[in-house]
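Given the structure of chain A, go ahead and fit chain B onto it with the hints provided.
2 protein chains.
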Amino acid sequence: MATKYVYLFSEGNASMRNLLGGKGANLAEMIGLGMPVPFGFTVTTEACTRYYEDGERISPEIEAEIYEYIGKLEAHTGKKFGDLENPLLVSVRSGARASMPGMMDTILNLGLNDEVVESFAKKTNNPRFAYDSYRRFIQMYSDVVMEVGKKYFETLIDELKERKGVTLDTELTADDLKYLAEQFKAEYKAKIGEDFPSDPKQQLMGAIRAVFRSWNNDRAIYYRRMNDIPASWGTAVNVQMMVFGNTGDTSGTGVAFTRNPATGEKALFGEFLMNAQGEDVVAGVRTPQKIEQLKAVMPEAYDQFVEICGKLEAHYRDMQDMEFTIEEGKLYMLQTRSGKRTAAAALKIACDLVDEGMRSIEEAVLMVDPKQLDALLHPTFDAAAIKSAKPIGQGLAASPGAACGRVVFTAEDATQWAVERGEKVVLVRLETSPEDIEGMFHSQGILTVRGGMTSHAAVVARGMGACCVSGCGDIKIDEENKRFELGGQVFNEGDWISIDGSTGYIYGEAVNTVEAAISGDFERLMRWADSIRTLKVRTNADNPRDAAVAVKFGAEGIGLCRTEHMFFEEDRIPAVREMIVADNVEARKKALEKLLPMQRSDFEGIYMAMEERPVTIRFLDPPLHEFLPHKDEEIAALAKDMGLTFEQLKATVNGLHEFNPMMGHRGCRLTVTYPEIAQMQTRAVIEAAINVRQRTGLNIVPEIMIPLVGEVKELAYVKEFVDATARQVMEEMGVEIEYLVGTMIEIPRAALTADCVAKQAEFFSFGTNDLTQMTFGFSRDDAGKFLSAYYEKGIYESDPFARLDQTGVGKLVEMAADLGRKTRPNIKLGICGEHGGDPSSIDFCYKVGLDYVSCSPYRVPIARLAAAHAVLKNR
Amino acid sequence: MATKYVYLFSEGNASMRNLLGGKGANLAEMIGLGMPVPFGFTVTTEACTRYYEDGERISPEIEAEIYEYIGKLEAHTGKKFGDLENPLLVSVRSGARASMPGMMDTILNLGLNDEVVESFAKKTNNPRFAYDSYRRFIQMYSDVVMEVGKKYFETLIDELKERKGVTLDTELTADDLKYLAEQFKAEYKAKIGEDFPSDPKQQLMGAIRAVFRSWNNDRAIYYRRMNDIPASWGTAVNVQMMVFGNTGDTSGTGVAFTRNPATGEKALFGEFLMNAQGEDVVAGVRTPQKIEQLKAVMPEAYDQFVEICGKLEAHYRDMQDMEFTIEEGKLYMLQTRSGKRTAAAALKIACDLVDEGMRSIEEAVLMVDPKQLDALLHPTFDAAAIKSAKPIGQGLAASPGAACGRVVFTAEDATQWAVERGEKVVLVRLETSPEDIEGMFHSQGILTVRGGMTSHAAVVARGMGACCVSGCGDIKIDEENKRFELGGQVFNEGDWISIDGSTGYIYGEAVNTVEAAISGDFERLMRWADSIRTLKVRTNADNPRDAAVAVKFGAEGIGLCRTEHMFFEEDRIPAVREMIVADNVEARKKALEKLLPMQRSDFEGIYMAMEERPVTIRFLDPPLHEFLPHKDEEIAALAKDMGLTFEQLKATVNGLHEFNPMMGHRGCRLTVTYPEIAQMQTRAVIEAAINVRQRTGLNIVPEIMIPLVGEVKELAYVKEFVDATARQVMEEMGVEIEYLVGTMIEIPRAALTADCVAKQAEFFSFGTNDLTQMTFGFSRDDAGKFLSAYYEKGIYESDPFARLDQTGVGKLVEMAADLGRKTRPNIKLGICGEHGGDPSSIDFCYKVGLDYVSCSPYRVPIARLAAAHAVLKNR
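Chain order of the listed sequences is A and B.
Start counting the first sequence at 113; every next residue gets the next number (my numbering).
Start counting the second sequence at 113; every next residue gets the next number (my numbering).
The set of hints was computed from the structure by calculation and includes no laboratory data.
Predicted model only: the values in this text are computed from it and were never measured.
Just to be clear, a hint being listed does not mean it is correct.
Because identical chains cannot be distinguished in the list, a pair is counted as satisfied if it fits within a single copy or across any two copies.
[Stated by the list, open to error] Cross-link-like lysine-lysine pairs, in silico, DSS-like; alpha carbons within 25 angstroms at most:
1. K701 <-> K313
2. K825 <-> K923
3. K701 <-> K905
4. K905 <-> K702
5. K191 <-> K313
6. K752 <-> K706
Chain A extracted, bound-state conformation:
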């Protein structure tokens, strides 16, 4: 049987969303519920897919099927395309499976031509309305279907208004508009080389093609990428009889929500305009009235609308977002859909619907999008305080949250002001570098002049959950003299500023902030999620403060504690550098001995914060050159500090240079070369665990993670040092403790040979950041340059660093998980890349049977909810 590509509204229902799109399915459903909906038909999403498969053309069969349905629509409405007595006018609207508001094209008033408009003017007794509709149609059609460009038409309108000496469109008369329609057609002919199509069927085919085409316009592609919508879904096209809200004082149009989309409060919320079309409400030329006021204006239509709202909410069991038009006193429903809502509203509505008996707990959990929670997890500006503040500039919204503090210009100053004086500071830098870590950590927020969304400042700040505005190029910074200028104001060290990492706004004053907390509806929903999920949620945390935040947000352990961040701190980096320049084992061991007490006390702090929750500690990972300066002046200064000649230190720096540092001497390759580093780190891990146990009775079971393993013998080699050192420490201290040794799976070869690796590894943690880089063969630092072209050209639909690539990287993860379990059935499996906080990736982790995901502290609640979704969606 041939595929059916067109459905009358009476042939569909809400369950056919994949085929008819959200809009089409819901229009059909409302028809089924007996609600007043202008009749029409839907061309399916499959027709859109066919359109692209056929090389961006509508095949003759589908065209014939559309013509057949025009006939059915004409029969149903008693109107006819091109008929002078009773012409059929239609709207043509996109409607994808998922709502993509405003991303694709719409054409209204289709079916008008020179003859039809004339009789339409007579029949409606409203020539101005008729000709206004006509010129709008020509303009919209030329723009959307033929891509002529709005500006040519706007110029013609402006010229006419000038000639007539008027300023508003509404001051133009019916004749003016008729004249404009003529001019528009002439413009069309000049640009396209053909007459404006007068055949409504031809118009319709053009409009349908335009909607299909708009599925792949830049903003739709971008929206899909941001919202994980696959390009393969396609859009449906809804062809619907026009109704007019702008025929006079008994007509109007509006939009409304069954509950407040900002707060979730249970009360009708919306607005309407009398004598207007839908686009006027959006355009904001006139101020709309509140929906309640409709009761006074048109009580009958209002009551009918309220009744429909109640029915729709009860029917869909969710807050609805509706569009309606009243034509000559008669109410028509043009759309209903589940309404977009703020995170706070989403939580309240989900909880209320459970309390109202409309939804089960599991359904309620599924109603809240995990990603939305992000908005609730960072400090925000005090609502009253921010009202009176005015931004003085804007950068990139690099890491969400609000921050307020005194300006400092160096990481050292940040640490000093914050730690010694107890001041809140905002660190302002041209750009940040790894040595700034400690100062960044002590800052409320970070503001940089250079660097994008993946700059050092942005990446580190997001990891820390710290607020960051990056790349504000308007700032004129003078780091030497500790001052900057923005928006005409000069800021010196110690001056107050505030920044908003969710909007990129910068305020030249102190604006109070409030901390995030999980309470009320939020807490209730998270408890429900916890009762459903099976995946554990851990956090990536390198210090007690982050660990404590994560525990507050529900973290059940640390999945990744990066020891190198500790190495960058001001009091440690000299010893680290001493270790690097050491030219023999003894000298290296001496330097490492200086680091030992510091590392040990770091670990003690983290164990205390996590109590008995598991802590995975990754051994030193970055290449050593990251710890040394690279500019000659800095090398000279450091050489002097270290008692070396410039040439000696320069030679060390040069010797450590790498062509591809990502693929260089780092991770366990360092420990294979210098096992004494692993010895020191093991000693710190085990001594700290024993100390905390003796001090508090807490039973700490550290998990030691060896990074960048590609071959089991590598791991075996390092593990031997780890085990020997651990045994020695336990003997020295006379205390036995448990500990695990495992590895990160971040090199493709480790995944491919995971059955061998599991012979040595007691756990795997998938390091999907590096695994993605190696599997795709591009470095995250460099890929920015070409990935944008890939998105534009539809080659990649989403950022593989944000959303796990299940086809390629995922295949390796699944293979490694299976191979690992084959060797060691109870092997512990987790993920600690940034994907650990991404809902779609968490769903994948659930499906391949990982034990836990680990993410930054501020994403822990998101992961908890996403883990619950994974259970429910995969049932």
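Positioned in the frame of chain A, the structure of chain B alone reads:
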């Protein structure tokens, strides 16, 4: 049943080589053949493996089994360990499955102690011989078993000689040697803190342990890596009754080959020393006599030996390398094995054995090691000429072959001298860079001051099959003034030098060279190999000259033609640079149009050279910054040439900078960004094919290869441009030709998703160089720094860039081959990484069912033979 770890020689035979090692198995075989072999037993290779599994100790069961076999040996020989009347003395020798001459340890004269030596002196009536044996034993045991260090004993000998006023060891008397033995034991006690062991059983266990341990000494590890011998094999230990060639004038010792190992000539070849032990022959203190002379000295023993030689060769059906000792007129065989031979000898012996009816053709083919052929494939110095030449310096033997030419100092000069003047030149540089390609191509050889075996010069030269000596640090070069100094001589531009890329020697004069050719036995064997193999052999060649060499060596097509090498040539690079700095499509197209005729004529030349053999052309691969200079002076100069400001060009260079160029904007990523590059290259490929067809009637079917694909949509996107351009060219020229579009599989993700990729790709070529880098996660340029530690520590046994890692990378290759065939059953599969010329990798390619391998021209015969081996070995 418990594993048997010890075998008497009478219990074994030649088929038990894996268990008994080569030496043990052959000793047992000779016993079986009734030949005179001193009796003994073999501790198996499995005992060695157990030794390592048990933490480098010999388990009590194995120790007990060894003691049991000592008893059996005593019973068989009638001698006893420690017995004063008839003491048993033994040699303890290693013997692995594959011959590893001199890599592991040996201990002779074991069983002597203070009492035994005294009675031994009496019994042999030769106290000097007895005490010399004793002091040698103490010295060897201390060194090998206890690692005391030879030097302490040598000092003692030197002191004694000085005190006695003698210079030769032979001048020391029996008493002197007895005194030395005492001193040696005292030294042993001082160093070890225990008495020298007098119990022969204890001595024996120490010696066996030492041999096991020596399996993992540095030189054995290195030898295994060079010869693809797995560490898991282990070594056996042979304990054999001592016989003495140094008891007087009726004793002697020698080594002999059944055929000449240098030429393959069928005649006994060897030498012997009367009144000597084996080590004396090797030490070279006395000059040995030719084996034929033994007939005169000891006719009976000689005749017996000749008879045994004949029997052994007939038995093993191969040229044998034997050791023998004559004790008091009685002949003993100590070893027989297949003799090592030169490549020329290997070919002659293989052919002769077929002609003599001793071997089948297939067996003969298997007797020649493909790797050995390398020595026959490069130009060599004329044998007469090189005799009188003296090297003036030595660098690294970076790329084999001999070269002779006049010195030039720049790539431009090389091209000019060679092309315009028709001179032979040797390019001498501090180091080479990609811009030097053309000059390198026109040089007979390349000599560099800096850079190792994987430097640019070395890698490129090997690819070209050009001779190269790299890293000769003794050269003082003054590039500016075009002169260098070496070995006290100064060389100016135009002076003659000669270099040998197989030895690293540099000659300050012209030494004639002779070209390699495949003829005689070589040709005969290659024809046999061709009749057996199923894998096709293609070559990597970027120009007609290399293509012609490869065809001469039997190449059946081009598997990889890198188009970027053509881009570096002097007349093209300006257009390439113009394309790079172009800031819009039109400007870029204009620059590309300049490249078009040059690329087209390149392809025409290659098609002509290859006739109708398939040619795979890879589109532009390297990142664009490789085509621009990086130093400010050079940028300034180029900017001037190009009519740009310094700042403009510097900005372009900076904009192209990448953190990890290996994983950056290159390969098909360039074509996705700039499809016009693929359009130009397609046009050149297709126009050239049509031109050649019209000119010569040759039917050219080009294979267009898109590099660095990681996702099928990438390939689909580029392929669309390729196909559209190809169609257009064929329409313009009015000729239809066939062509294929395929991809390199060099990104792990492409291998993992090969079923999808095969929907677009008509062939796969495995680019195992990059695939190895990405799968291991280390860059070839950087890995040198840490890989040596990996080899030392036994983590990797071989260089994964030289020998395909079958466990990890191979798994991806196999997976991709299977997935590719699933989608497209007749998909063409090949390999074009450097592994394509490596025999063990070729064996793997055969097993996973590839259609062809592709390697550099000079490795084509090696690949042909290896492909035949693959068939025979996998039957």
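Exercise. For this structure, which hints from the list above don't hold up?
Worked result: Violated hint (a single one): 1; every other hint is consistent with the structure.
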